[in-house]
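Participant: Build out the structure end to end from the sequences listed, making use of the hints.
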Amino acid sequence: MLKIDCTDKHFSEIGKLIRETKETQIVIDNAQGHRYIASGVGGKEITINGTPGNAMGAYLDGCKIVVNGSAQDAIGDTMNDGLIVIHGNSGDATGYSMRGGKIFIKGDAGYRAGIHMKAYKDKFPVLVIGGKAGSFLGEYQAGGIILVLGINTDSKTNVGFFTGNGMHGGKIILRSDELPDLPEQIVARKANAEDMQEIEQYVKEYCGYFGNEPKDILSKEFFVLTANSANPYKQLYTSV
Amino acid sequence: MSINYIYPPYEVVRDFNKCINCKICVKQCANEVHTFDEKRGIMLADDTKCVNCHRCVATCPTRALKIVKSDNTYKENANWSADSMKEIYRQAESGGVLLSSMGNPQPLPVYWDKILINASQVTNPSIDPLREPMETTVFLGSKPDKIVRDETGKIVDNLQPQLKLSTPIMFSAMSYGSISYNAHASLAKAAEKLGIFYNTGEGGLHEDFYQYGKNTIVQVASGRFGVYKDYLEAGACIEIKIGQGAKPGIGGHLPGAKIVGDISKTRMIPVGSDAISPAPHHDIYSIEDLRQLVYSLKEATDYKKPIAVKVAAVHNVAAVASGIARSGADIIVIDGFRGGTGAAPTRIRDNVGIPIELALASVDKRLRDEGIRGNVSLVVGGSIRNSADVVKAIALGADACYIATAALMAMGCHLCRSCHLGKCNWGIATQIPELVKRLDPETGCNRLVNLVTAWTHEIKEMMGGMGINSIEALKGNRLMLRGVGLNEKELDILGIKHAGE
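Chains as they are written, first to last, in my numbering: chain H, 1 to 240; chain S, 241 to 741.
Any given hint could be a false lead.
Think about it this way: if two alpha-carbon atoms lie no more than 35 Å apart in a straight line, the pair counts; the simulated DSBU-like pairs of lysine-lysine are [claimed, not checked]:
| hint | chain 1 | residue 1 | chain 2 | residue 2 |
| --- | --- | --- | --- | --- |
| 1 | H | K121 | S | K469 |
| 2 | H | K234 | S | K469 |
| 3 | H | K190 | S | K498 |
| 4 | H | K44 | S | K289 |
| 5 | H | K44 | S | K454 |
| 6 | S | K309 | H | K123 |
| 7 | H | K234 | S | K454 |
| 8 | H | K9 | S | K454 |
| 9 | H | K22 | S | K544 |
| 10 | H | K22 | S | K404 |
| 11 | S | K505 | H | K64 |
| 12 | H | K121 | S | K454 |
| 13 | S | K386 | H | K9 |
| 14 | S | K677 | H | K234 |
| 15 | S | K505 | H | K234 |
| 16 | H | K16 | S | K454 |
| 17 | H | K44 | S | K544 |
| 18 | S | K289 | H | K9 |
| 19 | S | K498 | H | K171 |
| 20 | S | K289 | H | K121 |
| 21 | H | K3 | S | K498 |
| 22 | H | K123 | S | K498 |
Worth flagging that the hints you see were computed from the coordinates, not collected in a lab.
Facilitator: Below, the structure is given as structure tokens:
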């Protein structure tokens with residue numbers, strides 16, 4: 001196991017240590033906003049104690065990261081595969097354009113979480129937010145699934161404004177009292193038995209990481225948001 | 241005939257004395273212009289379907305065909321041109337946004353044509369490039385601002401990763417999807433042969449072309465299509481696409497219907513799924529955010545590759561470039577308003593952005609004034625039409641030029657500006673297998689190699705004439721340029737004197 005103490009270290013030193021070690025288990029202590037941790041990394045298990053900085057796990061390629069603390073912006077940007085578990089909140093643009101792997105946030109996520117997420121073949125990105133999400137959740141979403149569980153929040157919708165703007169694929173699941181305002185290009189429905197099966201597996205996984213009781217979460221109503229195939233975003237063109 | 245009928249702008253003229261009814265034109269035209277009238281035993285042409293791509297003209301064995309501009313005219317009007325009128329009719333009929341392809345065709349000033357190159361007479365003798373050494377190699381990347389030595393006096397290697405080009409010309413970004421497999425194959429092979437680079441565009445990299453990695457620049461755009469570890473590792477350089485000269489501020493939308501077969505594979509999205517590139521990168525709202533993407537890419541690729549940032553030439557391009565030069569990027573790419581595209585809203589293409597000549601001159605000056613020119617290399621594109629444009633661009637301060645429209649023409653493009661219809665008769669801007677196979681990658685490669693080789697000879701001739709024997713010595717050497725017919729403001733921005741001064 002490799003232990004890295006971030007104190008007085010530049011992000012590039014930390015990156016180099018992670019890239020060059022043959023150890024598969026890495027513990028990073030005292031992260032204080034150090035950026036780009038585990039960018040493009042695969043095949044390792046990394047525990048981060050503290051607050052990792054922006055772009056943690058960008059282009060992640062099959063690596064497991066557990067953060068004991070909160071994370072900042074753009075974690076898991078263009079992530080291809082792997083697992084990120086955050087025992088706290090995460091910043092803006094969480095899981096930007098992720099194509100595969102899973103991100104579990106115990107608490108809240110900032111603006112633009114899960115935007116432009118897409119799925120491809122066996123790649124299916126999953127973003128689970130335990131608390132509430134900021135505005136522009138799932139903007140431009142093309143695939144995969146985003147769950148907002150709204151645990152211990154005072155919000156009625158558990159999301160901010162403009163949820164799913166530009167969404168053209170995938171699913172957003174909201175565990176909330178009511179639906180937010182949605183664009184005409186999105187359809188929302190209450191989760192059916194089949195949806196609940198899918199939801200249950202992710203809720204159970206969430207509870208496995210953070211110690212909640214699945215039945216407490218599953219007892220509440222869920223909404224399923226998908227792109228409205230009858231009314232897609234389209235521009236009418238005429239050529240010259 | 242509909243009341244909205246618009247008379248075709250071009251007519252197919254057939255010399256029936258030469259036509260032998262061989263029907264090659266019928267086979268060659270994917271737009272189905274030509275038909276054979278069995279009853280009358282003659283060939284017919286439907287001008288309304290003609291895009292004026294010259295495929296039939298070029299393949300007619302008896303030279304019986306030509307395309308002429310129609311002499312059908314509206315009442316003459318200096319304000320309302322025939323094109324403006326037709327656009328009104330089309331939009332009134334359809335309610336659609338006008339869409340077109342390739343670069344801005346409007347008669348706006350081409351500054352290259354108003355800049356003249358110097359030559360030596362009597363003093364500072366000219367050089368004969370055929371018989372004397374002439375250096376066209378350039379290195380792109382951030383240059384160190386000082387030499388560092390260790391305790392023993394040995395120079396410490398503090399050079400950032402560089403791209404080595406045998407000549408200051410590269411093929412700019414065109415995605416697989418916007419152009420065909422065979423067009424990409426031609427570009428990749430030619431880049432390898434020439435010792436230069438081609439650019440994947442934002443559509444990912446086909447598995448067959450990983451072998452050309454050391455001559456490939458891979459692009460990362462807002463949609464992140466096909467971006468993953470192996471892709472980032474595959475190229476010699478990573479280019480972050482912020483904007484494109486033909487459509488600054490505009491994103492892209494490849495409809496699901498076009499996401500088929502290999503296009504789906506290289507973009508890494510399911511067949512039939514829309515490929516949307518949002519107008520901005522939603523994680524980049526500032527230079528500080530840009531720095532974040534630059535460094536996450538550097539971290540992911542172990543600082544082994546230069547990172548380029550491509551922006552469209554817009555009004556405040558100098559300030560933007562100054563920010564990019566401070567973001568940790570190694571190369572700035574500026575794309576002028578005449579740059580090509582596979583499809584762009586006509587109004588954007590024709591009205592947004594500024595000429596590359598002015599953008600380049602002001603960016604180079606700004607970076608020099610701020611003492612950060614060495615942080616980055618400058619690459620410019622957006623209608624570099626010939627070797628003289630390259631020489632002028634370098635003298636204005638560019639390190640190298642990107643060409644795409646010229647490269648497409650080398651492969652057969654006749655600039656019919658109909659790429660968005662997807663039925664390119666030359667096998668370039670199409671995915672229809674029967675059309676794609678018309679472009680043989682070997683032939684395409686050879687023609688690209690010929691073009692760049694010829695330009696390189698001409699660049700050497702022009703440099704030799706000036707008594708300059710390396711691109712490095714020409715770079716930013718604005719004394720080698722003079723303006724003709726330009727006003728004081730234009731000369732001031734270009735940083736050159738008027739001819740005769």
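Participant: Can you confirm whether the C-alpha distance between K386 of chain S and K9 of chain H stays at or below 35 Å?
Facilitator: Status holds; Cα separation ~25 Å.
Participant: For the pair we were handed, K22 of chain H and K544 of chain S, check the Cα-Cα distance against 35 Å.
Facilitator: Measuring from Cα to Cα gives roughly 20 Å; hence the hint holds.
Participant: Between the alpha carbons of K44 of chain H and K454 of chain S, is the straight-line distance 35 Å or under?
Facilitator: With a Cα-Cα distance of about 28 Å, the restraint between K44 of chain H and K454 of chain S holds, given a limit of 35 Å.
Participant: For the pair supplied as a hint, K309 of chain S and K123 of chain H, confirm whether the alpha-carbon distance does not exceed 35 Å.
Facilitator: violated, 53 Å
Participant: Next pair to validate is K190 of chain H with K498 of chain S; report whether the Cα-Cα distance is within 35 Å.
Facilitator: Within the cut-off at roughly 33 Å; holds.
Participant: Holds or violated: K44 of chain H with K289 of chain S, Cα cutoff 35 Å?
Facilitator: With a Cα-Cα distance of about 59 Å, the restraint between K44 of chain H and K289 of chain S is violated, given a limit of 35 Å.
Participant: Can you confirm whether the C-alpha distance between K121 of chain H and K454 of chain S stays at or below 35 Å?
Facilitator: holds, 28 Å
Participant: Between the alpha carbons of K16 of chain H and K454 of chain S, is the straight-line distance 35 Å or under?
Facilitator: Within the cut-off at roughly 24 Å; holds.
Participant: Under the criterion that the straight-line Cα-Cα distance not exceed 35 Å, is the pair K498 of chain S, K171 of chain H satisfied?
Facilitator: Holds, at about 23 Å.
Participant: Given the proposed pairing of K234 of chain H with K454 of chain S, does the C-alpha separation stay at or below 35 Å?
Facilitator: At roughly 39 Å apart (the allowed maximum being 35 Å), K454 of chain S and K234 of chain H break the hint.
Participant: Holds or violated: K289 of chain S and K9 of chain H, Cα atoms, limit 35 Å.
Facilitator: violated, 66 Å
Participant: K9 of chain H and K454 of chain S: Cα distance at most 35 Å?
Facilitator: holds, 33 Å
In terms of the numbered hints stated before, the structure departs from hints 4, 6, 7, 18, 20 and 21, listed from lowest to highest.
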